[in-house]
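Protein chains: 2
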Amino acid sequence: MNTRVKCKKCEKIAVVRVPYAKLNLCSEHYEEFFERKMLKTIERYRLLRGVEKVLVALSGGKDSLVLLRVLSKYKSVLGVEITGVHIDLGLGEYSEESRRVVLESCRDLGLECYIISLKELLDYTLLELLEKTKRPPCSLCGLLKRYILNTAAIEWNFNAVATGHHLDDILVYRLREMLIGQRESEVLKLAPITRGVQGLYATRIRPLYEVYEWEIKVYSELCKIKHLEKTCPFKYRDEISASIAEMLNKIENKAPGFKIALARRLAKTSLRETPLQQATPCQYCNMPSSSGICALCKLTLKTHGKPMGLILREKLRNIKVNYTENSTAS
Amino acid sequence: MNTRVKCKKCEKIAVVRVPYAKLNLCSEHYEEFFERKMLKTIERYRLLRGVEKVLVALSGGKDSLVLLRVLSKYKSVLGVEITGVHIDLGLGEYSEESRRVVLESCRDLGLECYIISLKELLDYTLLELLEKTKRPPCSLCGLLKRYILNTAAIEWNFNAVATGHHLDDILVYRLREMLIGQRESEVLKLAPITRGVQGLYATRIRPLYEVYEWEIKVYSELCKIKHLEKTCPFKYRDEISASIAEMLNKIENKAPGFKIALARRLAKTSLRETPLQQATPCQYCNMPSSSGICALCKLTLKTHGKPMGLILREKLRNIKVNYTENSTAS
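Those protein sequence lines, which keep their order, are chains A and B.
With my numbering applied, the first sequence corresponds to residues 11 to 340, in that order.
With my numbering applied, the second sequence corresponds to residues 11 to 340, in that order.
Chain A extracted, bound-state conformation (with noise of 0.2 Å):
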């Protein structure tokens, strides 16, 4: 931007030019901007009601440790305990800067951190278990992470797992979804929370739920989060979620904030809807399921010729919290 601007909150020189908001704002006022656009978004959507330990899931992408960052940042005032959690999938040296990353950035905030090593949960890398089921790798990553998460919160007892799905990303997910109507699982309808059945279903938040993944680049920058730099080696967009896209920058490019508005009405239609008490326990380990089995004990009776669902939850409830980046989890 024209570097003769300056910031509408002080004296010194704006860096950063808020389209939706008419702001053009210094680095230190971006970042309250910024922080104080989460705290909102935490507020109007009450995602930390009831709520007093929440578990960050954390890719060690910028999406996940900037949302740790401002999280971590004002727990006090939040009145909530932060701890991360990582699931290393196995994927070479990808995974192992991801889990470096992760664990660097939660020992640097002070902060308590859960590392799950896929291959100790389920004796196969997400490599090995792609080549057996020759599933789509996203779709199988997919389910891995959902059950897992949710698993991990429901024995550690957390009553909230927060991720860092943005602005952005849950549009397109969420009109993909509206236009070819290929629904997965209801959790991944992406509200901004979608409230959790005791002991089945643990609450999800999505505190960057009205933030822009430009906004969250900028801020990275600004405040120098360290992240991940490579992209996943599966990273992979279709045409149809690019056409969509495409789509939407263009509308808000005509109508600044076009994406939030549609956002906040897309989450009064979520919010109206409650899916998940239609969920049963899966026969084999209880966890969630829409026809009896679930998802990973159906995956699982294929790889590994029996539902692998209660011994990895076993093994779950018997992972300790890791601080340093040599520790393994046992």
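Honestly, the hints are just simulated from the structure, not real lab data.
Don't take every hint at face value.
The list cannot tell twin chains apart, which means a pair is met if one copy fits it or any two copies do.
[Unchecked claim] In silico EDC-like cross-links for lysine to aspartate or glutamate, where the CA-CA straight-line distance does not exceed 20 Å:
id, residue 1, residue 2
1, Lys-63, Glu-122
2, Lys-260, Asp-248
3, Lys-245, Glu-324
4, Lys-264, Glu-187
5, Lys-264, Glu-249
6, Lys-16, Glu-187
7, Lys-278, Glu-21
8, Lys-240, Glu-130
9, Lys-260, Glu-249
Guided by the hints, dock chain B onto chain A, whose structure is given.
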């Protein structure tokens, strides 16, 4: 298309490719395909259940004249009487040509047709009203057409008004509404059918609900349907609608038939809703309103200094059917 490809149904050379149906067709079989598609739409959404007399809204463009031709061709099979209606907006040469092509088409098909002159109804042409109101052309024109068509159908005892809205227009409209949420009238919901309310709302049917714009164009060319070549002098597609249309086309290219599938899912939503029941009669003219005064009476209170609804109804009641190019509305 490749001129060596044979028609799927006969030995002739195919002239049309229908991607979503994976069909190559000769002119004759495309005509059959198109007409059957329209008849199936009528059946699928029960558009003519309990309907004896249909008033077909004719702008003079190809959509409405293709609609008229097919309804007219199958009127005995469908068990309905078909009558045309055209509103002369008073837009100079454009309106004169529209009127002429509408009257010619009806005469060729042996159908009765009403011509309604806006100037005779309200003392002003659309141009004059635009000047007086400073409203955007499409908004004002839409308001007038909706009021006049609805009132005419009720005064003349028709069971349904058929309009030429096609798949592409309907999807852009519905998505625009979903994305930026500026819903005007509930009648504008563009479902395949909007069921009426006795004496208040005429039933609206949209037999081209599942028909692509290109299918209409090809049918119109192959069957040499006379229609106005000029486009409306106010025709304008805003950037947001253009972005939506572009996205829908990209997805359709990737997944042929996507638009039809989406329209069918949207139809389920709109059929579940019963918005028209909520309308209350206007205090001046007894036509539908959301707030006690209908849009036309509200408008004419400003432009004419008095609500014109009742006068307009009276004039409409006295309009006689026209047959030839030279007759005028009386």
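Taking the hints in turn, this is what the structure says about them:
Taking CA atoms no more than 20 Å apart as the test, Lys-63 paired with Glu-122 passes inside one copy only; the shortest distance there is 12 Å, against 74 Å between copies. With identical chains, the CA atoms of Lys-260 and Asp-248 are at most 20 Å apart both within one copy (19 Å) and between copies (12 Å). For the homomeric pair Lys-245 and Glu-324, neither the shortest alpha-carbon distance inside one copy (31 Å) nor that between copies (66 Å) is at most 20 Å. Proximity of Lys-264 to Glu-187 under the C-alpha cut-off of 20 Å is restricted to the inter-copy arrangement: shortest distance 16 Å between copies versus 24 Å within a copy.
For the identical chains of this complex, Lys-264 and Glu-249 are inter-copy neighbours only, at 8 Å across copies versus 23 Å inside a copy, given an alpha-carbon limit of 20 Å. Within a single copy, Lys-16 and Glu-187 get their C-alpha atoms no closer than 42 Å, and across copies no closer than 38 Å, so neither meets the 20 Å cut-off. In the homo-oligomer, the alpha carbons of Lys-278 and Glu-21 never lie at most 20 Å apart, since the shortest distance is 40 Å inside one protomer and 56 Å across protomers. For the identical chains of this complex, Lys-240 and Glu-130 are neighbours neither inside a copy (24 Å) nor across copies (70 Å), given an alpha-carbon limit of 20 Å.
For the homomeric pair Lys-260 and Glu-249, the shortest alpha-carbon distances inside one copy (16 Å) and between copies (8 Å) are both at most 20 Å.
Checked against the numbered hints given earlier, the structure breaks hints 3, 6, 7, 8 and satisfies all the rest.
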